[in-house]
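Q: Listed below, chain by chain, are the residues.
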Amino acid sequence: MCADTAIRQAPAPADGDVLLEARDLARYFDVSKPWLNRVLERSEKLSLKAVDGVSFAIRRGETMALVGESGCGKSTVARLVVGLYGLTRGTLTFDGEDISDLAGRTGRQAAAVRKRFQMIFQDPYASLNPLWRVGTIIGEPLRFFRPEMSGAARRQRVGELLEQVGMSPMDANRYPHEFSGGQRQRISIARALANEPEFMICDEPTSALDVSVQAQILNLMRDLQDEYGLTYLFISHDMAVVKHMADRIAVMYLGRIAEIAPADQLFATPHHPYSKMLLAAVPSLEGGGKERSVIQGEVPNPVHPPPGCAFHPRCPHANERCKAEVPALIARVDGSEVACHGVEEGRIE
Amino acid sequence: MSQHTQPRENDGPAAPVVPPKPGRLKTFLESDIVYSWKRQPVVILATLVTLILFAAALFAPWIAPQNPFDPRQLELIDAFTPPMTTSDFTGNFYLLGSDSQGRDVFSAILYGSRISLLVGFAAVIFALVLGTALGLMAGFRGGWRDALIMRIADVQLTFPSILMALLIFGVIRGFLPRSMHAEVAIIVLIIAIGLSDWVQYARAVRGATMVEKNKEYVQAARVIGLPAGKLLFQHILPNVMRPVLVIGTIGLALAIIAEATLSFLGVGMPATQPSLGTLIRVGQDYMFSGEWWILLFPGMALLMLALSVNLLGDWLRDVLNPKLR
Amino acid sequence: MSQDEPVLSVRHLRVEFPTRHGTLVALDDVSFDIAPGEVLGVVGESGAGKSMTGNAVIQLLEPPGHVAGGEVRLSGRRIDDLAEDDFVPLRGRHIGMIFQDPLTSLNPLFSIGGQLIETIRTHLPMNEKQARVRALELLREVGIPAAEERLNSYPHQFSGGMRQRVVIALALAAQPEFIIADEPTTALDVSVQAQILALLKRLCAEHGTAVMLVTHDMGVIAETADRVAVMYAGRLIEIGPVDEVIRNPQHPYTRGLMASIPGIEKSLDRLYQIEGSMPRLVAIPSGCAFNPRCPHAQERCRVVRPDLMPAGAGRAACWLHDPVDPLPRLDENGRKEDAHVR
Numbered sequence: 021m022c023a024d025t026a027i028r029q030a031p032a033p034a035d036g037d038v039l040l041e042a043r044d045l046a047r048y049f050d051v052s053k054p055w056l057n058r059v060l061e062r063s064e065k066l067s068l069k070a071v072d073g074v075s076f077a078i079r080r081g082e083t084m085a086l087v088g089e090s091g092c093g094k095s096t097v098a099r100l101v102v103g104l105y106g107l108t109r110g111t112l113t114f115d116g117e118d119i120s121d122l123a124g125r126t127g128r129q130a131a132a133v134r135k136r137f138q139m140i141f142q143d144p145y146a147s148l149n150p151l152w153r154v155g156t157i158i159g160e161p162l163r164f165f166r167p168e169m170s171g172a173a174r175r176q177r178v179g180e181l182l183e184q185v186g187m188s189p190m191d192a193n194r195y196p197h198e199f200s201g202g203q204r205q206r207i208s209i210a211r212a213l214a215n216e217p218e219f220m221i222c223d224e225p226t227s228a229l230d231v232s233v234q235a236q237i238l239n240l241m242r243d244l245q246d247e248y249g250l251t252y253l254f255i256s257h258d259m260a261v262v263k264h265m266a267d268r269i270a271v272m273y274l275g276r277i278a279e280i281a282p283a284d285q286l287f288a289t290p291h292h293p294y295s296k297m298l299l300a301a302v303p304s305l306e307g308g309g310k311e312r313s314v315i316q317g318e319v320p321n322p323v324h325p326p327p328g329c330a331f332h333p334r335c336p337h338a339n340e341r342c343k344a345e346v347p348a349l350i351a352r353v354d355g356s357e358v359a360c361h362g363v364e365e366g367r368i369e
Numbered sequence: 008m009s010q011h012t013q014p015r016e017n018d019g020p021a022a023p024v025v026p027p028k029p030g031r032l033k034t035f036l037e038s039d040i041v042y043s044w045k046r047q048p049v050v051i052l053a054t055l056v057t058l059i060l061f062a063a064a065l066f067a068p069w070i071a072p073q074n075p076f077d078p079r080q081l082e083l084i085d086a087f088t089p090p091m092t093t094s095d096f097t098g099n100f101y102l103l104g105s106d107s108q109g110r111d112v113f114s115a116i117l118y119g120s121r122i123s124l125l126v127g128f129a130a131v132i133f134a135l136v137l138g139t140a141l142g143l144m145a146g147f148r149g150g151w152r153d154a155l156i157m158r159i160a161d162v163q164l165t166f167p168s169i170l171m172a173l174l175i176f177g178v179i180r181g182f183l184p185r186s187m188h189a190e191v192a193i194i195v196l197i198i199a200i201g202l203s204d205w206v207q208y209a210r211a212v213r214g215a216t217m218v219e220k221n222k223e224y225v226q227a228a229r230v231i232g233l234p235a236g237k238l239l240f241q242h243i244l245p246n247v248m249r250p251v252l253v254i255g256t257i258g259l260a261l262a263i264i265a266e267a268t269l270s271f272l273g274v275g276m277p278a279t280q281p282s283l284g285t286l287i288r289v290g291q292d293y294m295f296s297g298e299w300w301i302l303l304f305p306g307m308a309l310l311m312l313a314l315s316v317n318l319l320g321d322w323l324r325d326v327l328n329p330k331l332r
Numbered sequence: 011m012s013q014d015e016p017v018l019s020v021r022h023l024r025v026e027f028p029t030r031h032g033t034l035v036a037l038d039d040v041s042f043d044i045a046p047g048e049v050l051g052v053v054g055e056s057g058a059g060k061s062m063t064g065n066a067v068i069q070l071l072e073p074p075g076h077v078a079g080g081e082v083r084l085s086g087r088r089i090d091d092l093a094e095d096d097f098v099p100l101r102g103r104h105i106g107m108i109f110q111d112p113l114t115s116l117n118p119l120f121s122i123g124g125q126l127i128e129t130i131r132t133h134l135p136m137n138e139k140q141a142r143v144r145a146l147e148l149l150r151e152v153g154i155p156a157a158e159e160r161l162n163s164y165p166h167q168f169s170g171g172m173r174q175r176v177v178i179a180l181a182l183a184a185q186p187e188f189i190i191a192d193e194p195t196t197a198l199d200v201s202v203q204a205q206i207l208a209l210l211k212r213l214c215a216e217h218g219t220a221v222m223l224v225t226h227d228m229g230v231i232a233e234t235a236d237r238v239a240v241m242y243a244g245r246l247i248e249i250g251p252v253d254e255v256i257r258n259p260q261h262p263y264t265r266g267l268m269a270s271i272p273g274i275e276k277s278l279d280r281l282y283q284i285e286g287s288m289p290r291l292v293a294i295p296s297g298c299a300f301n302p303r304c305p306h307a308q309e310r311c312r313v314v315r316p317d318l319m320p321a322g323a324g325r326a327a328c329w330l331h332d333p334v335d336p337l338p339r340l341d342e343n344g345r346k347e348d349a350h351v352r
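Chains as they are written, first to last, in our numbering: chain R, 21 to 369; chain X, 8 to 332; chain Y, 11 to 352.
Worth flagging that the hints you see were computed from the coordinates, not collected in a lab.
Some hints here could point you the wrong way.
[Claimed, not checked] DEER-style ranges, computed between Cβ atoms:
1. X/N221 <-> Y/S56: 22 to 28 Å
2. Y/L278 <-> R/E365: 35 to 41 Å
3. Y/T33 <-> R/D121: 42 to 48 Å
4. Y/F97 <-> R/N321: 39 to 45 Å
5. Y/A269 <-> X/Y42: 27 to 33 Å
6. Y/A156 <-> X/Q47: 54 to 60 Å
7. Y/N117 <-> X/L164: 29 to 35 Å
[Claimed, not checked] EDC-like cross-link-like pairs, simulated, lysine to aspartate or glutamate; straight-line CA separation at most 16 Å:
8. Y/K276 <-> R/D258
9. Y/K139 <-> Y/E158
10. X/K222 <-> R/D143
11. Y/K346 <-> Y/D335
12. R/K69 <-> R/D44
13. R/K69 <-> R/D50
14. Y/K276 <-> R/D115
15. R/K135 <-> R/D115
16. Y/K276 <-> R/D267
The C-beta atom is built at its ideal place from N, Cα and C for all residues, glycine as well.
Same shape as in the complex, but just chain R:
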């Protein structure tokens, strides 16, 4: 990697060029006990509403980030988008085509869509098949999407990909366990790039890595975005990383979006009380030794979310309406969208 500073591409184009649109996405998981236990213990069926009515749009070439604490459903959204899980409700549109049924598609029909996006996972130790050589791993999408490609051409392409992510073509013959976490994440990225996708879903790509390695990977991801005009859906729990990577940010809490706003704006003027809380909770290096503002409470169990606005038990501004009524995501004049009764009513700044 060269150390010179690359100039960031111009901000995302106008609203017209939406690459992915999610409308009212929902995914419930059945977490009830087995049938026999339910009958004997007279317990009800339980469903976990991991994602419950999430809508957003990602424009071509931009990085959209989903942030939130564990259990907020951000990883589930990623898996819904790539069709690893089927939708319980809602629609997904990719480049104008309805792909809501992607999880159930097979064969050519699925491949036509699937070859246009790829996913990078969190755990560099689990995301590579331990029994395969690196070259085989990176070549897998090529073998599947381009069966006409010759073995030699494929090896050539794998070598190019390895160089592109800052590794050596020789590494193709080695096994994943011979590499460090950062190098494995590079291999994952090379595999994701193999078929020249337009859209990358990155599920906490650096949260298992050390900070100095994280810097290498984030820089690499930006370089690749500039080079190929990639669109990223970037999922993270780390506000600082999100600030660095994203053009727009959606803050999630218990399966719903609390606020969507352009990155700079969210950090300058967060509206939703939860966004404010998350920002305040980020440890500060510059302030050296300052106390973070301490927020009470923890994320509740998502199987039994609080009624109304799920954040109300921790919210200093909650009133009766917040306890009863689920707030809708409402667009504001400054370009942000906020799901909060207080903000809507003007009670909260």
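We have chain R; now place chains X and Y onto it with these hints.
A: This is chains X and Y only, laid out in the frame that chain R set:
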């Protein structure tokens, strides 16, 4: 060959040269498995004993002085010749003595281990394939298939496997005419032992499959859109085979003993084609009448075979299980 | 307790792992002190030896690792040469331990109250009733609501943050003079993290407990620690007051590390990146372990290993700070920045 211990550099220009693949033999010889093997004399001994017994069984027709399954080669007049004795009548030398039919015990042991090993291997492979297939299906598909397979497994586990084998053995024989019993004895044994043993493979594979299928490398393949069959056979199956191979090795010892037990109980191999178990059953009649060798030597052979295979299996389990290291 | 004497004093600590490929030196000449009531942050990337340092101090190294040299003193008493049987009573009574996963510290089969009472009675001369009162006090101190009712709850009935509070209560139960906290908040969400760190810091300040806070997260160090020790490849390469190390790092590695962290105050197109990765223990470079990745590396760095020398407000193991003959810094092109023009 070059040393591979140098630190790796992340970045840096590298010429796109296709390098030679590292030698497989060298990689193997330097692996932890070989290292662990070399440091355990008991395991080395078990390996040697196993290899000798396997070779002896495999090359029995060339090693054994007579074919104990061929009645024409038996000299009834040489019955009950003690070990290390040359018969006064036929001039045959009996290394480990002879039995009531004049059958050379040494030859009988060689041919008997052949049958024991054949039944053992075949039963293990049968159980392994059946158990792995059912375990993969249960773990990968889940739902009612999983519930059904695992409930059957639970029920079967409540019966001791030898009882299960006896039951299956009895049922299969009941369907066949009596004249065929001797001919198909070996196949019936294999099916009986194999069917009584698939549960542990299925359980291990199901558990491992449920872990592997949620790992991110499988998800990455699913994002590409790899069909279920390829997912199963290219990604999941190879990664769940470790525990299966370990269970298989230990299972081999158990299958050999199961075969011996069935034959000892008189429901396995007939006396005309004696396995080690049959030999022991026959031999026990003579234990107190002075002809101890008819029982002792087949018994020792069985013990050595089962023990050394079992020791190897235990060692393999320890070496391949990262948690115990 | 005298204010001058450090609670924990580590001198020239060396930990070795014999393997079949040779002996690995996992910790090499690590020395530091922790004063009463002080929080020393030990920071480093994975494999740097930060957890190893904690484990070596409390003799919980995984075999075949062992302390091969140096000494560890707790309140002046040497503890590194104690046999395991003599060491066991120290843990809990004199050394409290908080680990990343609260579930490893709590027995799932016993109630919270039972575990607290047992710990208290093991270490302090109290009867059941007194211990129960003390347990309640502790639970209230760590901020568990409705402590009386929660006394009979089991670990799985608590949320992650509440469990870590219970672990802190357990660690403090016998009022040890020293606590090791190894990544205490890594498994928790940011909002809960802040609560737990504030609690830990407040309680230890109140009790005058010395804390060794092991973490990979500079943010956690920044707001919790008084001093920070930076580790790299099994060595301590910089130690100093936390504000100084963070604002004005002296060692090139610390400097690079700080620059590579994205911050919400920063607005950068690219993050600074240290090239390469930390060496594996089997191949630690000669001289300064950081020299292959260091922008200022020169001949001396490749040959002679630097000791900690005074640098800024703390100390750094780097020849740039040699009091006798400091090396000149190099600029981006590898030329010397100083006036030494040939």
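Q: Starting from Y/K346, check that the Cα of Y/D335 is at most 16 Å away, please.
A: Holds - the C-alpha atoms of Y/D335 and Y/K346 are around 15 Å apart, at most 16 Å.
Q: Given the hinted pair Y/K139 and Y/E158, is their alpha-carbon gap at most 16 Å?
A: 14 Å, holds
Q: Is the hinted range of 35 to 41 Å satisfied by the C-beta distance from Y/L278 to R/E365?
A: Given a distance of about 38 Å, which is inside 35 to 41 Å, the answer is holds.
Q: Hey, R/K135 versus R/D115, does the alpha-carbon distance stay inside 16 Å?
A: Satisfied, since the Cα-Cα distance of roughly 13 Å is no more than 16 Å.
Q: Keeping to a limit of 16 Å between CA atoms, is the pair of Y/K276 and R/D115 held or broken?
A: Judged against 16 Å, a Cα distance of about 34 Å means the pair is violated.
Q: Taking the CB of Y/A156 and the CB of X/Q47, does the distance hold inside 54 to 60 Å?
A: Given about 56 Å between the Cβ atoms, the range holds.
Q: Just to be careful, I want the Cα atoms of Y/K276 and R/D258 compared with a cutoff of 16 Å; is the pair within it?
A: 14 Å, holds
Q: CB of Y/N117 to CB of X/L164, is that within 29 to 35 Å?
A: Between Y/N117 and X/L164, where Cβ atoms are some 30 Å apart, the hint holds.
Q: X/N221 and Y/S56, beta-carbon distance inside 22 to 28 Å?
A: 24 Å, holds
Q: A range of 42 to 48 Å was offered for this pair. Does it hold for the Cβ distance of Y/T33 and R/D121?
A: 59 Å, violated
Q: Please verify whether R/K69 and R/D50 have alpha carbons no more than 16 Å apart.
A: Given that 16 Å is the threshold and the Cα spacing comes to 9 Å, the pair holds.
Q: Taking only the CA atoms, is the gap from R/K69 to R/D44 under or equal to 16 Å?
A: 13 Å, holds
This entry does not satisfy hints 3, 5, 14, going by the numbered hints stated previously.
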